Amino acid sequence: MNKLHFFLIDDDEIFQFIMKNTIAEVSPDIKIKFFSDGEKGIDFLKQNLGAAINLPDIILLDVNMPFMDGWEFLHEYKSLQTELKKEISIYLLTSSNNPQDIAKAKEISTLSGYLVKPISKDGIKNLVTNFPSNEWYHNDY
Amino acid sequence: MAFNLLKRLLLKFVKYYLPILILSVLAVLWIYKKEHSSLITLQENELSYKKQLIVELLKPMLANLYYWEQYGFSENDFNPDKNSRLNKDIGDFFIGMDSYSQFRLINLSGTEVFRLNRKENGQIVKSNELQDKADRDYYKLTRDLRKDQIYLSPLNLNQENGILETPYKPMIRGVAPIYDTIGNKLGIVVINFSAIKLSDLLKKNNHYPFMLLDRQGSYLVSDDGIKEFAHLIPNGQNITFKEDRPQVWDSLNTKENKSLLLNGDLWVKTELDFKSELLRTPLFQHKSMDIDTTNKWVLLKHIDSQLLTVGIKNDVFLVLLINVLAIIAIFCMSFLETTSENSKRRYLSALELMNNELEEKSTQLEHKNKALASIQNKLEVRNAQLLEYNNIVAHNLRAPTTSVSTLVSMLQESKDYEEAKSYFPKLQKITHAINTLVDDLLVYVRILNDENEVRLEKIALEPLITSTLNLYVETLDQVTIDVKTDLKAWDQINFSRIYLQSIIQNLISNAIKYKDPDKNPVIIIRTLWEGNRKVLLVEDNGVGIDMNRHGSDIFKLYKRFHRGLSGKGMGLFLVKTQLESLNASIEVTSEVGIGTTFKITFDKYE
Numbered sequence: 001m002n003k004l005h006f007f008l009i010d011d012d013e014i015f016q017f018i019m020k021n022t023i024a025e026v027s028p029d030i031k032i033k034f035f036s037d038g039e040k041g042i043d044f045l046k047q048n049l050g051a052a053i054n055l056p057d058i059i060l061l062d063v064n065m066p067f068m069d070g071w072e073f074l075h076e077y078k079s080l081q082t083e084l085k086k087e088i089s090i091y092l093l094t095s096s097n098n099p100q101d102i103a104k105a106k107e108i109s110t111l112s113g114y115l116v117k118p119i120s121k122d123g124i125k126n127l128v129t130n131f132p133s134n135e136w137y138h139n140d141y
Numbered sequence: 001m002a003f004n005l006l007k008r009l010l011l012k013f014v015k016y017y018l019p020i021l022i023l024s025v026l027a028v029l030w031i032y033k034k035e036h037s038s039l040i041t042l043q044e045n046e047l048s049y050k051k052q053l054i055v056e057l058l059k060p061m062l063a064n065l066y067y068w069e070q071y072g073f074s075e076n077d078f079n080p081d082k083n084s085r086l087n088k089d090i091g092d093f094f095i096g097m098d099s100y101s102q103f104r105l106i107n108l109s110g111t112e113v114f115r116l117n118r119k120e121n122g123q124i125v126k127s128n129e130l131q132d133k134a135d136r137d138y139y140k141l142t143r144d145l146r147k148d149q150i151y152l153s154p155l156n157l158n159q160e161n162g163i164l165e166t167p168y169k170p171m172i173r174g175v176a177p178i179y180d181t182i183g184n185k186l187g188i189v190v191i192n193f194s195a196i197k198l199s200d201l202l203k204k205n206n207h208y209p210f211m212l213l214d215r216q217g218s219y220l221v222s223d224d225g226i227k228e229f230a231h232l233i234p235n236g237q238n239i240t241f242k243e244d245r246p247q248v249w250d251s252l253n254t255k256e257n258k259s260l261l262l263n264g265d266l267w268v269k270t271e272l273d274f275k276s277e278l279l280r281t282p283l284f285q286h287k288s289m290d291i292d293t294t295n296k297w298v299l300l301k302h303i304d305s306q307l308l309t310v311g312i313k314n315d316v317f318l319v320l321l322i323n324v325l326a327i328i329a330i331f332c333m334s335f336l337e338t339t340s341e342n343s344k345r346r347y348l349s350a351l352e353l354m355n356n357e358l359e360e361k362s363t364q365l366e367h368k369n370k371a372l373a374s375i376q377n378k379l380e381v382r383n384a385q386l387l388e389y390n391n392i393v394a395h396n397l398r399a400p401t402t403s404v405s406t407l408v409s410m411l412q413e414s415k416d417y418e419e420a421k422s423y424f425p426k427l428q429k430i431t432h433a434i435n436t437l438v439d440d441l442l443v444y445v446r447i448l449n450d451e452n453e454v455r456l457e458k459i460a461l462e463p464l465i466t467s468t469l470n471l472y473v474e475t476l477d478q479v480t481i482d483v484k485t486d487l488k489a490w491d492q493i494n495f496s497r498i499y500l501q502s503i504i505q506n507l508i509s510n511a512i513k514y515k516d517p518d519k520n521p522v523i524i525i526r527t528l529w530e531g532n533r534k535v536l537l538v539e540d541n542g543v544g545i546d547m548n549r550h551g552s553d554i555f556k557l558y559k560r561f562h563r564g565l566s567g568k569g570m571g572l573f574l575v576k577t578q579l580e581s582l583n584a585s586i587e588v589t590s591e592v593g594i595g596t597t598f599k600i601t602f603d604k605y606e
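Sequences listed follow chains A and B, in order.
In terms of the working numbering, the first sequence opens at residue 1 and continues consecutively.
In terms of the working numbering, the second sequence opens at residue 1 and continues consecutively.
One thing to keep in mind: the hints can contain errors.
[As the list claims (entries may be wrong)] Pairs of lysine to aspartate or glutamate residues, derived as EDC-like cross-links and limited to a Cα-Cα distance of at most 20 Å, are as follows: (1) 121(A) to 413(B); (2) 40(A) to 265(B); (3) 421(B) to 140(A); (4) 40(A) to 553(B); (5) 421(B) to 13(A); (6) 559(B) to 13(A); (7) 20(A) to 416(B); (8) 415(B) to 11(A).
It should be emphasised that the hints constitute simulated quantities derived from the structure, not laboratory data.
Just so we're clear, the structure is a prediction, and the values are computed from it rather than from any experiment.
In isolation and in its complexed conformation, chain A is listed as follows (with noise of 0.2 Å):
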């Protein structure tokens, strides 16, 4: 498994611990970041716009967060998309598997799959695994 750069933007701080542990445990080498709202993620990729090594590869996204939600998140980041240098594949977390939460989800060009939670060791290897991919990617659940 290559050296993946995952990022992890959501506002619960137990479910980053776990995402820690649980990618620490899949492999050691898969680098992590975590942003606790939408609007801390993409000040960072603004910033980071031609910095591809800061850029990651995985972009895990809760949908619910204060001050800026996944949905504006992904609305924000198609301004950005042709501006950054590398290609990011954004996965879509949700704790509930709302099929209208999941259809809103298909629509948006910019997303790879969805995630719902909890997302366990073996998820996210299938993820690393099968990345990249040109499907829509879900885990089961």
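Given chain A, work out where chain B should sit, using these hints.
Leaving out everything else, chain B in the frame of chain A:
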């Protein structure tokens, strides 16, 4: 109901029949009058004709008398012993004059000197029994007749030797003075002219009873012949017309009219005054006679009331028939009209009834519709609330619960107690988060289910605002916040005190929390009316909200848009829920850097 019908029927009938009745009465009256006048005219004509007749029959008498006056008698003619020549001369003449019933010459002493009688068989007989007539009325009257004077007696019955000749012979005596050639009066000539012909002629061809009366009202000629000359017949009933019908006689004499309607009987008269009628009669050589007579006759026609009506009976009957038919026809028509009116009326009233019912139903429907609309609104709100609840549970509850299970499995797989121990604070944090969420949800649900049992009461806005501001008195001291109230539109509202307190508190607290540090904070609380709804506005000049980004999330749970400021993001969520539970609503307008305005619209009538 039936009585009403009958009354209307009768009214209608009367309305239609009355003109016909009036017309009929008028028609009958007209028929009557026409009949009368035509009858009168007829009878007048007839009477006039009869009068003419009498006059014509009288004229020869005059002529005769005049003839004899001019005859040229001599003294010897007035001597019964010497006047035998008269036998032939006058006798021959007499034969031809069938109107003569007696011819006499009377001398100055009143004694008859010559007499000729016509017998029943027509034979002329000279009577040798010459009588003394000096005492007779007519002699006395005529003794002093002058030359050219003629006397006509009233209609009389012929007498023979003082006794009425039977059968009764009506006659008129004519008397003329006789002078000799020198001019000495010799005596008078008396001729009894038979009036039988006159009588017969007068009685002929009478459609209606005819009478000839004299001035005293005695019958001279009458159709039934019984009462004629009653005044002359000694033992007979002395009945005159005057006595028979005094009322008629008086009226006929006093009134000018030629016709009289009395007690239903019609009387038509014509008067014949001998003197005036005959005065105009010219005689030979244009010499008119001086006639001495008292004769004033009345020719009378009597039409009995029954006879009167006979003529018009048919016409009146016709009118009656028409009336009967009209009555029947009008009655039927009225009946039909009334019944049709009735059914029309019933139909209309049924229609009206139906109309009213329909109107009522329509109003009811309207009310139901309004109620339905209101319920629909409430349902929509409730739906949105439940959706919200769903979202909260789905997003906010599931996350910590899944985290718990993950942490627990991580705990299970932990290598040592140290590692395990590191998980405990995390678990605590999550369980705390779950508890908080559940508590928050309970608050929410309580409002939804109205478990707070909110009571509506009249709340004065001013004191409520003042007491809320007092809670923040310290904050307000530290930073001068200008709070203005404008409650001119309304200052009292029917609402739940707890909720209203909570809402105002929330809004004021937000206004203070999100103030713009670069400006002097101003909060304006205003009331106004929109239609029939009360509106409360809370304006501030704080930092504002980016409506494009966060507009749809302002009243959602746990949504916050300003970093660095405290709060879970529950305040406005609860405010909205509290308002919704009492059919109120809240909106927000804001501009970043300018300020925010919250607009609460209360339910109508509150």
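Quiz item: CA of residue 421(B) to CA of residue 13(A), is that 20 Å or under?
Solution: With a Cα-Cα distance of about 18 Å, the restraint between residue 421(B) and residue 13(A) holds, given a limit of 20 Å.
Quiz item: If you draw a straight line from the CA of residue 40(A) to the CA of residue 265(B), is it 20 Å or shorter?
Solution: Cα-Cα ~140 Å, so violated.
Quiz item: Between residue 559(B) and residue 13(A), does the CA-CA distance stay at or below 20 Å?
Solution: holds, 17 Å
Exercise. Mind checking the alpha carbons of residue 20(A) and residue 416(B) for me, to see if they're no more than 20 Å apart?
Key: holds, 19 Å
Quiz item: Does the structure keep residue 121(A) and residue 413(B) at a Cα separation of 20 Å or less?
Solution: holds, 12 Å
Practice problem: Below or equal to 20 Å on CA atoms is what counts here, so check residue 421(B) against residue 140(A). | Solution: violated, 31 Å
Quiz item: Quick one, are residue 415(B) and residue 11(A) close enough, alpha carbons at most 20 Å?
Solution: Answer violated: residue 415(B) to residue 11(A) is near 28 Å, above 20 Å.
Quiz item: Would the pair residue 40(A) and residue 553(B) pass a check requiring their Cα atoms to be no farther apart than 20 Å?
Solution: holds, 19 Å
Checked against the numbered hints above, the structure violates hints 2, 3 and 8; every other hint is satisfied.
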